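Participant: Keeping their order, the protein sequence lines are chains U and G.
Under the numbering used here, think of the first position of the first sequence as 1, with each following residue one higher.
Under the numbering used here, think of the first position of the second sequence as 1001, with each following residue one higher.
It should be emphasised that the hints constitute simulated quantities derived from the structure, not laboratory data.
Given the structure is predicted, the values throughout are model-derived calculations rather than measurements.
Check each hint, because a few of them may be wrong.
Listed next, the stretches of chain U that the computed footprint assigns to chain G, with coverage defined by at least 3 CB atoms under 8 Å from CB atoms of chain G [to be verified]:
| # | stretch |
| --- | --- |
| 1 | 14-23 |
| 2 | 239-245 |
| 3 | 278-288 |
By construction, the Cβ of each residue, glycine as well, lies at the ideal position given by its N, Cα and C atoms.
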Amino acid sequence: MYRYDEFDATLVAERVAQFRGQVARRLSGALSEDEFKPLRLMNGLYLQLHAYMLRVAIPYGTLSSKQMRRLAHVARKYDKGYGHFTTRQNIQYNWPALVDTPDILDDLADVEMHAIQTSGNCIRNVTSDPYAGATADEIEDPRPYAEMIRQWSTFHPEFSFLPRKFKIAVTASDHDRAAVKVHDIGLRLYPNEAGEAGFEVLVGGGLGRTPYVGHVIRRFLPKEHLLSYLEAILRVYNTQGRRDNLYKARIKILVNSEGADRFADLVEAEWTKIKGRGVDLPAEEAARIRAYFAPPDFEDLSDRSEKLEAARAADEDFARWLRVNTKPHKAPGYAIVNISLKSIGGVPGDISDMQMEAVADLAEAYSFDEIRATHEQNLVLPHVKKDDLHAVWSALGGAGLATANIGLVSDIIACPGLDYCTLANARSIPIAQSIAERFADLGVQEDLGELKIKISGCINACGHHHVGHIGILGVDKKGEEFYQITLGGSGAEDASLGEIAGRGLSSTQVVDAVEKLVGFYRGNRQDGERFLDTYRRLGAGPFKEALYEAA
Amino acid sequence: MKLLKLAHGRLLPALEEAQEEVSLEDWRANPQAHAGATALVISNDVPLADVRCDLSGFSVIVLDFPTFKDGRAYSQARLLRERYAYTGEIRARGEVLRDQLSFMARCGFDGFEFAGAAGDAEAALEEFSFAYQPAADGALPVCRRRIAAAEAA
Chain U
1 MYRYDEFDAT LVAERVAQFR GQVARRLSGA LSEDEFKPLR LMNGLYLQLH
51 AYMLRVAIPY GTLSSKQMRR LAHVARKYDK GYGHFTTRQN IQYNWPALVD
101 TPDILDDLAD VEMHAIQTSG NCIRNVTSDP YAGATADEIE DPRPYAEMIR
151 QWSTFHPEFS FLPRKFKIAV TASDHDRAAV KVHDIGLRLY PNEAGEAGFE
201 VLVGGGLGRT PYVGHVIRRF LPKEHLLSYL EAILRVYNTQ GRRDNLYKAR
251 IKILVNSEGA DRFADLVEAE WTKIKGRGVD LPAEEAARIR AYFAPPDFED
301 LSDRSEKLEA ARAADEDFAR WLRVNTKPHK APGYAIVNIS LKSIGGVPGD
351 ISDMQMEAVA DLAEAYSFDE IRATHEQNLV LPHVKKDDLH AVWSALGGAG
401 LATANIGLVS DIIACPGLDY CTLANARSIP IAQSIAERFA DLGVQEDLGE
451 LKIKISGCIN ACGHHHVGHI GILGVDKKGE EFYQITLGGS GAEDASLGEI
501 AGRGLSSTQV VDAVEKLVGF YRGNRQDGER FLDTYRRLGA GPFKEALYEA
551 A
Chain G
1001 MKLLKLAHGR LLPALEEAQE EVSLEDWRAN PQAHAGATAL VISNDVPLAD
1051 VRCDLSGFSV IVLDFPTFKD GRAYSQARLL RERYAYTGEI RARGEVLRDQ
1101 LSFMARCGFD GFEFAGAAGD AEAALEEFSF AYQPAADGAL PVCRRRIAAA
1151 EAA
């Protein structure tokens, strides 16, 4: 993985010193809260319902054991002993004191971490495929490009006061695990007919109150021009994006009002003028960054592990976890291990300091020291030998981290909701917990197959409800929490936006509603169909009928 | 309100010279009537790509930050410097705050109508030793420094 050199380290250290000064000016009263707000937001510090919340960047979701241990230390020393992994591969702490935040950032800087641009109207932490460098289905590791984007966008002088926040995601696989079609910019690395890798560039995807799937504005962008092309997009957005209305300020509104073709023309015209003028990285620097992501020294193994097969045959719980939580690796004899942060009845994405330590230990012992965070609020050990899977599973089980539900009905994305957030209309976490408890039986869950439930506590859609196979949106109806169901969304390569199923439901009805929908699917699915496939085949009508019948 | 000017790496208070200002619209509508104008005021919703005229006669171009959150003038300044090769003063007006000064300087601003303390403003420009990306200030980006360091080693 990428390591800081003196330049990266100096900039992060200088940032902490700058923020320490800003906090001191706030605490002394030299800065008002209004003046301080944009400064703290540029360092990921929000003021929530009960306390400050600090969001720490995990660039493209890649972490070392040492970094994970430091995250555990921060949870222990400055928070209430836990952290919360977000849908953008970051981690949030919900209870830091303002006066401690410069020290937290110092502690993080020691392990090459920061909270730069995890909030504010700037280019946010870039996200990528959590299986990058491990999965057989990628054409190359997308993370070097994500790191190039991280550096280019860090303290970008022109693009730090954009109309609105700006999110970029990168993948290099046909299987989209980074939701690139619902980002402000989505980049998909793929080979053209000549066999050269380049980017398909999508712009204007996003959720929130006006959801859109992104438009392709360039079919093929040669890799070496990535940064100049991004700079052209951002310049068009910075100068022409709307600033008169907060809710119309994202780039998706500009792209859709101009039309994707005209927007593409604007970008192309700007790009023509800046291409070749020093924004793109010199080849030496691109090669330097790429070298950090060279594959680890995988052993030359047979793809079949007798040790694994014996353990699989002896223990059905282990066998289920293998089927559900592990994925094929590109190196023979290795597997990708998903660690669920969705224990039945737990808070989606939450992890205790002790669990973080356990994950760090396992990564160090069994996964070349690497950990990934996923946008679905889980973790990944990307490179585990099949021979070691049983030991890893046992240790995860001991830490309460072996729930075999990746991609299943209880692997729910939920925003913090009214339990924490000032914007929320309704609680999300208790709904996620109730649904998971209703479907607690892992055998039943596995039989139901891939089913993505996503819950947002308000229209800002941090829980991605628009792209849930079943989406749940909390709304406020005369002071009472209500929930609207959407159906048929997807944030993957087959991206689509869910349709509203009908009238809102109370918090007690919403769990029954999910059960009815799932029951209808089970009764009507054909061979191998996921919930989403059955929904797409039959259409919304019969699902809505099932949902509202005799309710 | 003080005027600060950036020159040779120092940000210092400047005497407020008498400038005759004209807005871009007025100047374009009737250039003869404003032949004596020395400062051109461009509002931040003007796409500079459309300004197809010679601005080199103005000693100052004033760009506006109606609020510090409105970042359009950063792009305008870069375009003036990098695309239109404007070498006169680019002055920031409006909500010009300490913590935005270094972004402004990197985008090519060298005049600042600044309400705070001058010493504080100069300190703000010295918080970062270098930058990752090229901009209008001519600073060598980190990637070039790396290559230079590797060659020197």
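Participant: Output the numbers, in ascending order, of every earlier hint that fails for this structure.
Facilitator: none
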